[in-house]
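Number of protein chains: 2
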Amino acid sequence: MQEFHDIVLIGSGNVAGQLAYALEKAGKKIVQVYSRTETSARQLAGSLNTEYTIDLNQICQKADLYIISLTDTATGEISTRLDLVDKPVVHTSGSLSLDLLCGVSINHGVFYPLQTFSKNRKVNFREIPLCVEANSTVFLKMLRKLAGEMSERVLEVDSERRKMLHLAAVFACNFTNFMYYIAGKIVERNDFDFEVLRPLIEETAKKVMKDKPQKTQTGPAIRGDQEVMGLHMDRLMNEPELQEIYRLLSREIGKMKI
Amino acid sequence: MQEFHDIVLIGSGNVAGQLAYALEKAGKKIVQVYSRTETSARQLAGSLNTEYTIDLNQICQKADLYIISLTDTATGEISTRLDLVDKPVVHTSGSLSLDLLCGVSINHGVFYPLQTFSKNRKVNFREIPLCVEANSTVFLKMLRKLAGEMSERVLEVDSERRKMLHLAAVFACNFTNFMYYIAGKIVERNDFDFEVLRPLIEETAKKVMKDKPQKTQTGPAIRGDQEVMGLHMDRLMNEPELQEIYRLLSREIGKMKI
Chain A
1 MQEFHDIVLI GSGNVAGQLA YALEKAGKKI VQVYSRTETS ARQLAGSLNT EYTIDLNQIC
61 QKADLYIISL TDTATGEIST RLDLVDKPVV HTSGSLSLDL LCGVSINHGV FYPLQTFSKN
121 RKVNFREIPL CVEANSTVFL KMLRKLAGEM SERVLEVDSE RRKMLHLAAV FACNFTNFMY
181 YIAGKIVERN DFDFEVLRPL IEETAKKVMK DKPQKTQTGP AIRGDQEVMG LHMDRLMNEP
241 ELQEIYRLLS REIGKMKI
Chain B
1 MQEFHDIVLI GSGNVAGQLA YALEKAGKKI VQVYSRTETS ARQLAGSLNT EYTIDLNQIC
61 QKADLYIISL TDTATGEIST RLDLVDKPVV HTSGSLSLDL LCGVSINHGV FYPLQTFSKN
121 RKVNFREIPL CVEANSTVFL KMLRKLAGEM SERVLEVDSE RRKMLHLAAV FACNFTNFMY
181 YIAGKIVERN DFDFEVLRPL IEETAKKVMK DKPQKTQTGP AIRGDQEVMG LHMDRLMNEP
241 ELQEIYRLLS REIGKMKI
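Sequence order for the protein chains is A and B.
If you're matching positions, the first sequence starts at 1 in our numbering and goes up one per residue.
If you're matching positions, the second sequence starts at 1 in our numbering and goes up one per residue.
Chain A on its own, in the form it takes in the complex (with noise of 0.2 Å):
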């Protein structure tokens, strides 16, 4: 192995191409990108001004090392049918093992960025923890060096703490995201406008930015307030689906230890 520098890119998504501009700001070359889909493999090579291709055969023999950036399902397959024996290979999963990859190539790792992405919000990835992992000390330390160059929080995780890591994004983030859209619910249903969440939205995530969570939880639940609970069981009473997300996770909060 020498040091990573010619980059190829199987996959083409929010995460491939936000990883793409983050190894391109740290000096690396995207050589070249792969993906299944023609427009998507196009227009990212397009933006990083390098090659494309549609399709497996063609992949790139000479670079130093190959990011596979997919959905899992897509990674799962794919790395049946790649042929990078004597090429480190990473993928950038939170869910998936390292050792998925091990009948792809000798030297395999991974490579997971713990943060949404999106196609059209770019990213400060100095801040994003990289969690590195591999099959061997000397892989493991050039990914380190690697995930150093893009990041200033390089983690070293392996695939059982990744996967916990990931499934807490799921509430960090999806679970949250849901809320919102909760929240957003009721509130155009009553005429306003989704704007009028907005700066609290903003607040209660700022306010975990110093504190933890335990420090900053407040409202009816944490207070044990039933009468406020109750008027707010009343106004859901013909959604049964938000009264059981409102009852279950009352209570839950109900039991918190602050």
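The hints are simulated quantities; they were obtained by calculation from the structure and are not laboratory data.
Watch out, some of these pointers could steer you wrong.
[As the list claims (entries may be wrong)] Part of the chain B face toward chain A, derived, beta carbon under 8 Å:
1. Met1
2. Gln2
3. Pro129
4. Phe175
5. Gly254
We treat Cβ as the ideally placed atom computed from N, Cα and C, and that holds for glycine.
Given chain A, work out where chain B should sit, using these hints.
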């Protein structure tokens, strides 16, 4: 009623304190702070360079406006004991009706800031939605004017819609914070610091500053990724409450119309 300049603040908690600072910033004068708790009354009055009392009978009778900013229960109690029949009085609660104050004063109203307040964090009041309501058009007009001097977002909201806003705020703030808490428990149990989640939490909130949450929903539930959801449920085996939350929220996210 004359223009509101001299204000008596009944209460000295987080909301009272933040309101006081915003009122002074808008050129108003808090002439007195009342609280049942002497330390708290003295502290807030001290920081405002004004007087305080812990005796309801000593409440200054010469102010232009009386703001009751207490817990819901305390507001209910106090309102039966106040004698301000010819003075304009408002409460600041999201969930109490305007009518609660009809026995207190001829001119009663509500002045509800839709935000989460902490003791040690100053918030930018100019961005906070201020919901006003009053039992007369004259008083309402004056409350709108006052609110407009403090914030750029003044909303005229009746008691029923205000209660719905407050319910939405429970989802957007209290339940969201509880999601942070669960995520924090999961990472800390696996020897990570809560810190590892902060960039994700921040970005999740930032995304909905421009888009609506139906556009920013990500994760296994919205993708219908049974494999990852199954893996997560296994990881929560020993925590039936968290499993219950995971199952319910994932099920409901699966029904989202995006």
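Do the hints match the structure? See the list:
1. At about 28 Å, the closest approach between the beta carbon of Met1 (chain B) and any beta carbon in chain A exceeds 8 Å, and the interface hint on this residue is violated.
2. Annotation: interface hint on Gln2 (chain B) violated; nearest CB of chain A at approximately 31 Å, more than 8 Å.
3. Because the closest C-beta pair between Pro129 (chain B) and chain A is about 5 Å apart, less than 8 Å, the hint holds.
4. Here the hint on Phe175 (chain B) is kept, as its CB sits about 5 Å from the closest CB of chain A, short of 8 Å.
5. The criterion of a C-beta within 8 Å of any C-beta in chain A is not met by Gly254 (chain B), whose closest approach is roughly 11 Å, and the hint is violated.
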